[in-house]
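Numbering follows our numbering, in which position 19 of the sequence shown is assigned residue number 19; successive positions increment by one, without gaps.
To be clear, the hints were calculated from the coordinates, so they are not data collected in a lab.
A portion of the hints provided could be inaccurate.
Stated by the list, open to error - Listed next, the in silico DSS-like pairs over lysine-lysine satisfying Cα-Cα at most 25 Å (straight line):
id, residue 1, residue 2
1, K48, K8
2, K45, K8
3, K55, K8
Claimed, not checked - DEER-style ranges, computed between Cβ atoms:
id, residue 1, residue 2, range
4, T36, V12, 14 to 24 Å
5, G5, S38, 12 to 22 Å
6, E30, R58, 32 to 42 Å
C-beta: ideal position from N, C-alpha, C; glycine also.
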Amino acid sequence: RLDDGSVKVQQVFTSPGGGAFGSGHHSWMEGGAHHTQSFAIEEGKWVKRRYCVWKLSRE
1 RLDDGSVKVQ QVFTSPGGGA FGSGHHSWME GGAHHTQSFA IEEGKWVKRR YCVWKLSRE
């Protein structure tokens with residue numbers, strides 16, 4: 001958890017054959033919605049991928 005209340009997570013996925021890749025996510029609440037930015041981690045550098053906004057739906 002970061003000082004601004006957001007969450008930043010780094011994961012490394014490995015296969016039995018020895019391959020591996022890293023991914024990361026940065027998530028936060030803003031304007032009543034949950035925002036998340038995903039990243040590929042390539043040689044230690046965070047490269048932006050998908051960005052999603054989850055809004056509460058009231059029926």
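Handout entry: Non-conforming hints, listed in increasing numerical order
Key = 6
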